[in-house]
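Student: Kindly generate the complete structure, drawing on both the sequences and the hints.
For the protein sequence lines, the chains are A and B, in the order given. Each residue of the first sequence is one higher than the last, beginning at 1 in the working numbering. Each residue of the second sequence is one higher than the last, beginning at 1001 in the working numbering.
Don't take every hint at face value.
Quick list of in silico lysine-lysine cross-link-like pairs, BS3-like style, CA-CA up to 25 Å [said to hold, decoys possible]:
#1 Lys1124(B) with Lys83(A)
#2 Lys88(A) with Lys1128(B)
#3 Lys83(A) with Lys1121(B)
#4 Lys9(A) with Lys1073(B)
#5 Lys1124(B) with Lys1073(B)
#6 Lys9(A) with Lys1003(B)
#7 Lys1124(B) with Lys88(A)
#8 Lys89(A) with Lys178(A)
#9 Lys1120(B) with Lys83(A)
#10 Lys88(A) with Lys1117(B)
#11 Lys1120(B) with Lys88(A)
#12 Lys9(A) with Lys1022(B)
#13 Lys28(A) with Lys1120(B)
#14 Lys83(A) with Lys1073(B)
#15 Lys1128(B) with Lys83(A)
#16 Lys1121(B) with Lys88(A)
#17 Lys1157(B) with Lys83(A)
#18 Lys28(A) with Lys1022(B)
#19 Lys232(A) with Lys282(A)
Cβ-Cβ distance ranges computed for the label pairs, FRET-style [said to hold, decoys possible]:
#20 Asp241(A) with Lys1128(B): 27 to 35 Å
#21 Gly1071(B) with Ser240(A): 30 to 38 Å
#22 His3(A) with Asn1142(B): 38 to 46 Å
#23 Asp260(A) with Ile1009(B): 40 to 48 Å
#24 Lys14(A) with Glu1158(B): 28 to 36 Å
#25 Ser259(A) with Gly1102(B): 36 to 44 Å
#26 Gly1084(B) with Glu162(A): 40 to 48 Å
These are computed hints drawn from the structure, not numbers from a lab. The beta carbon of each residue, even a glycine, is placed where N, CA and C say it ideally should be.
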Amino acid sequence: MIHDFTYLKPGSVKEALAMLADHVDECKIVCGGQSLLIPMRQGLLVTDYLIDIKGLNELSYIKYDAKEGLKMGATTTHRMIEKSDVIKKHYPVLVEMEDRLASTQTRNWGTIGGNLAHGDAAGDPAPVLTTLNAQVKIASAKGERLVPLEDFYTDIFETVMEHDEMIVEIQVPPMPAKSGVAYTKFNLLRNDMGVVGVAVSVVADASGACKDARVVLGNAGVTPIRAKSAEKVLVGKKLSDALFAQAGEAAAADADPVSDIHASEEYRRHLVKVLTKRMAKKAWEQASK
Amino acid sequence: MEKRLITLIVNEQAYEIYVNPKTLLVEAIRDHVGLTGTKRGCETVSCGACTVLVNDMAVKSCSVLAVQCDGMKITTSEGLEVNGKLAPIQKAFLDNGSYQCGFCTSGMLMATSGLLKENKKPTKDQIKESIEGNICRCTGYNSIVRAVEAVARGEYKEGSV
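Tutor: Structure follows, in structure tokens:
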């Protein structure tokens, strides 16, 4: 049973930020509500005011520029990302990720900003966007700031955002030359939440060695985790199957998973090991093409 | 709590209703508009029984607030028939035995209708993907997929049934 709340529907971002400033500690923002309405219905989340930004079309856009990269407004739906030709061309990994994010119905209504702000460690966009070096633009009535997605999450369902702030845009830099990125998750239903997810991005240098690598684990801890010791295994070397396997071992050690109804801690570590090996190889094959 | 006046255009008819802002779209359709074809199932965005089209897109009406759909076009399973004739997808479900208990059926009809609006010739994989968010405990899904394939092959003409 959802507790009563006062419903506020801003007509612009400016108005939304003013409402947030007015009701700082007693409000929640809803957009697609595909995540938020579940704890509200379970009575786990109670709010006095609900600010509905679903109708803010000024935040529903996908822009790409070869120099600046990709910019997505916070209320852009998952389905818009999945169907975007420009994203398919420049960041195919985002289309693959969106395609398995949830059911078609949820992707039709849920938004990228809502997914990131919700902060579920099992969410798919955060690990992928972190390997792509993405930033989120956060706004309040006082101004805007950019936060690398890597620094965005602080704890389970917690972010660096103050209570008067909201995500307005997601920015992804252009893909470097000779780079590759791959993401997968393990689950029983193709578009269910991942038991764990692994995203890997790599960049090759002129000599054919790995210049840069990012390995990000989803649902292997309370927030998305950068597996830095796995990255160390990869950087500076000409990559091989032995190194992919070694990176997998390192990532499994970096992971900090829980045991729950879906999988034990041990099994999650095993999945991280195997999926990191596979995704590193897949990303490297793209980079060294 | 202050009720809000909203307009839902359900199956091409406008309904002005006063709702508590916490009213879910499925509650507005069933309890305020009075159309009970749309089912309340899991209410956790898992089972798909509550699927309707909002502005021609399939969504789960248990996870959408009715106030968010103010002024929007909603299609439920009752809105599929045209002039008293079954829509092709409905007739195909009948012919292929695509249900037993029927609880998931309106959700299945709306999820696959959403697919067919986007893509008139979906592949078998695309059909399966469109109902990934819908649970059926009777059919094993194959008869549902067969029905959609039959419509995609053009075996049913609009208004012919």
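Student: For which of the previously enumerated hints does the structure constitute a violation, in increasing order of number?
Tutor: 5, 13, 17, 21, 24 and 26
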